[in-house]
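A.B. asks: Given chain Z, work out where chain S should sit, using these hints.
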Amino acid sequence: MRSTSRVSLREPSYFVLAALLDGRLHGYAVVKRVEELSGGQVKLAAGSLYSVVDRLLGEGYIAADGEEIVNGRARRYYRLTDEGHTVLAAEADRLAQAARVVHERLSPGDGRRSNWRASPA
Amino acid sequence: MTDDILERRYRALLRSYPAGYRDERADELLEILLADSGRRWPEPRQALALVRGGLRVRAGSASPRPGLVLLWQGLQLAAVAVLALGVLVGIDDLVEAFQFGGLDAPLLVLQDLGPNVFFNAAALAALFLGRQRLAVGFAVAAIVVQTAISQYLFANGMPQWWAPVLALPLLIIGLRRPARVAPLERGNTALVTVGVLALHLIPVGEFWRVDPVVRITALVVTVAAVAVFLWFATADQRLLIAAAPTFLLDPLHRAMTGSLDALQTWPSVAAGVALVAFAVLLASRRRARA
Numbered sequence: 002m003r004s005t006s007r008v009s010l011r012e013p014s015y016f017v018l019a020a021l022l023d024g025r026l027h028g029y030a031v032v033k034r035v036e037e038l039s040g041g042q043v044k045l046a047a048g049s050l051y052s053v054v055d056r057l058l059g060e061g062y063i064a065a066d067g068e069e070i071v072n073g074r075a076r077r078y079y080r081l082t083d084e085g086h087t088v089l090a091a092e093a094d095r096l097a098q099a100a101r102v103v104h105e106r107l108s109p110g111d112g113r114r115s116n117w118r119a120s121p122a
Numbered sequence: 074m075t076d077d078i079l080e081r082r083y084r085a086l087l088r089s090y091p092a093g094y095r096d097e098r099a100d101e102l103l104e105i106l107l108a109d110s111g112r113r114w115p116e117p118r119q120a121l122a123l124v125r126g127g128l129r130v131r132a133g134s135a136s137p138r139p140g141l142v143l144l145w146q147g148l149q150l151a152a153v154a155v156l157a158l159g160v161l162v163g164i165d166d167l168v169e170a171f172q173f174g175g176l177d178a179p180l181l182v183l184q185d186l187g188p189n190v191f192f193n194a195a196a197l198a199a200l201f202l203g204r205q206r207l208a209v210g211f212a213v214a215a216i217v218v219q220t221a222i223s224q225y226l227f228a229n230g231m232p233q234w235w236a237p238v239l240a241l242p243l244l245i246i247g248l249r250r251p252a253r254v255a256p257l258e259r260g261n262t263a264l265v266t267v268g269v270l271a272l273h274l275i276p277v278g279e280f281w282r283v284d285p286v287v288r289i290t291a292l293v294v295t296v297a298a299v300a301v302f303l304w305f306a307t308a309d310q311r312l313l314i315a316a317a318p319t320f321l322l323d324p325l326h327r328a329m330t331g332s333l334d335a336l337q338t339w340p341s342v343a344a345g346v347a348l349v350a351f352a353v354l355l356a357s358r359r360r361a362r363a
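Residue numbers (the working numbering), protein chains in the order written: chain Z, 2 to 122; chain S, 74 to 363.
Worth flagging that the hints you see were computed from the coordinates, not collected in a lab.
Now the stretches of chain S that chain Z is said to cover, found in silico as 3 or more residues with beta-carbon under 8 Å:
1) 103-109
2) 119-133
Listed next, with one range per pair, are the computed distances between beta-carbon atoms:
3) Z/N72 with S/F305: 32 to 38 Å
4) S/G93 with Z/K44: 27 to 33 Å
5) Z/A100 with S/L270: 46 to 52 Å
6) S/F305 with Z/V71: 31 to 37 Å
7) S/A347 with Z/K44: 32 to 38 Å
8) Z/V71 with S/I246: 42 to 48 Å
9) Z/R101 with S/L270: 50 to 56 Å
10) S/R113 with Z/E69: 25 to 31 Å
Glycine is no exception: its CB is placed at the ideal position from the N, C-alpha and C atoms.
The shape of chain Z in the complex, shown without the other chains (with noise of 0.2 Å):
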């Protein structure tokens, strides 16, 4: 486990994070959950979902958070701890200031503004 202050996430795990805001979530729910999120940018195979779970379970960023046999398989749930929300809310910001500092030099009347504030989070 290392610092807050100075962790940046990449897009999987930030979004991987941000799934689990709502509460705890197994593995198929968290895929679908992130897909969902990022507009179906991110779309996690089984394989890379887990290299994103060992990780922020290793930073301590996540924790198992119960265990249920469904369908003969065992099925984890996970949950953001509170140092993993403290870092996705770093990351967040660190994010919107690195978006407003574009948004704020684009004038009002350019045809390339974005329309990142009409659109749905």
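C.D. replies: Coordinates of chain S only, in the frame set by chain Z:
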């Protein structure tokens, strides 16, 4: 029925993960893999991610001490690879010696080349069997006996003479395995060794042929082989550490015999250094971002 076949195929792909990890995670992985199925063959995207995921776990990504796993296992795989290359070169020289007149004096050929092959192979076998101290003993014996008996190897600083010399410090480091770092798995060690040896079969020498078809073919084969190696090695950086010292055998031989030809020597040295630098870069990047 279709799902059973698909599950069996995905389970085969899951073998890229270590057994302990499979025991813990196979059910979770299969739930995702089989969720939207109705197909008979694994999705290529999922299959590639499973192979890379398995390699990452083997390189220590799920371990509590990923850096130490990478370093300790990487160095032990390097010892295996360098000994294996030494055995390969030794056997090749032995066969060649018998093909070109060695049958007239078989005892002389065996005296010159035999001890090296025997002790290198013994050290390699001991390492595969997890007998680290025995491997150190055989590597020391390889250095002492081949130097005392096989004047041909020693006087010419042959690449296979250098194999136990390079492997010995790696084996000594391996005598003390850090806590919570798993020992090498035999099957995975064999695969890594084959991968590293395959790198040395790339037909680089063909670049200097006059025939353009041969040169282009050599270029295509080289690019393809290096790309495949790097695809695996970017997921499992132990491969990079394992391969690095094998590129030093030939330059050391040339340095000892005073035949340091820049065009033939430096590419090997540069490849070895680049592999280590690449491993360090990938490992530090992995640590820098969650």
